[in-house]
Amino acid sequence: MFGGVSSMNLDSKGRLAIPAKHRDALLARSEGRLVITVEPSGCLLIYPEPDWIPVRDQLNTLSGAQMGLRRLIVGHAEEIEMDTSGRILIPPTLRQRASLDKTVALVGMGNKFELWDEAKWNAVTDAAMAMDPVELQNNMQGIVL
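Under the UniProt record's numbering, residues 1 to 145 are what the sequence shown spells out, in order.
Simulated from the structure, these hints should not be mistaken for laboratory data. The model shown is predicted, which means the values in this text are computed figures rather than measured ones. The C-beta atom is built at its ideal place from N, Cα and C for all residues, glycine as well. Careful, some of the hints might be misleading.
What the hints assert, rightly or not - The calculated DSBU-like cross-link candidates involving lysine-lysine, where the alpha carbons are at most 30 Å apart (straight line), are: (1) 13 / 120; (2) 112 / 102; (3) 112 / 13; (4) 112 / 21; (5) 120 / 21; (6) 102 / 120; (7) 102 / 13; (8) 21 / 102.
Claimed, not checked - Distance ranges between label pairs, derived from CB positions: (9) 138 / 3: 23 to 31 Å; (10) 28 / 131: 33 to 41 Å; (11) 53 / 3: 21 to 29 Å; (12) 64 / 133: 35 to 43 Å.
Could you build the full structure based on these sequences and the hints that come with them?
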């Protein structure tokens, strides 16, 4: 399971060096094959390929009013591979969709990663930290930290 936040820079070609602590797990889980797509909150999602397949299959059952979500996430999904240096190329269209420029935050979310513009990630984090304690507790009912 992936966890933690890594602040990093995209290189001039839009490549991201996967942190060493996650490389071996990604190689073991998916042989470095990943799927990257957009997420409605403004970040990108990066899945090891085996973890993406059930998500894709579930999304492909959506229809009607939920079809827009299916189009957004499945339609933007791109297969990518880690290179021998442990880097992935973030496709230009997806970098643009998530407003990724130079400094990014790679956030481990269990079976996947979120990739955020670092300033946007800091704003999301600050907003969560500023939540009213009662509201926060209500949102976390049944969750033990």
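Status of the hints after comparison with the structure:
For the given pair, residue 13 sits about 21 Å from residue 120 by alpha-carbon distance, which is consistent with the 30 Å threshold. Note on residue 112 and residue 102: the hinted pairing holds, with a Cα-Cα distance of about 21 Å set against a maximum of 30 Å. Proposed proximity of residue 112 and residue 13 is supported: the alpha carbons are some 23 Å apart, at most 30 Å. For the suggested pair residue 112 and residue 21, the alpha carbons sit about 14 Å apart, so the restraint of at most 30 Å is met.
Of the supplied pair hints, the one linking residue 120 and residue 21 holds, its CA atoms being roughly 24 Å apart against a limit of 30 Å. For the hint linking residue 102 to residue 120, the alpha-carbon distance of about 13 Å falls within 30 Å, and the restraint holds. Among the hinted pairs, residue 102 with residue 13 is consistent with the structure: their alpha-carbon atoms are about 10 Å apart, no more than 30 Å. As the CA atoms of residue 21 and residue 102 are separated by approximately 21 Å, the hinted pair is consistent with the 30 Å bound.
Roughly 25 Å separates the CB atoms of residue 138 and residue 3, a value that falls within the hinted 23 to 31 Å. Restraint check, residue 28 to residue 131: a C-beta distance of roughly 37 Å satisfies the suggested window 33 to 41 Å. Checked against the given bound of 21 to 29 Å, the beta carbons of residue 53 and residue 3, roughly 22 Å apart, stay inside it. A C-beta distance of roughly 38 Å is found between residue 64 and residue 133, which places it inside the suggested range of 35 to 43 Å.
When the structure is compared with the earlier hints, no violation turns up for any of them.
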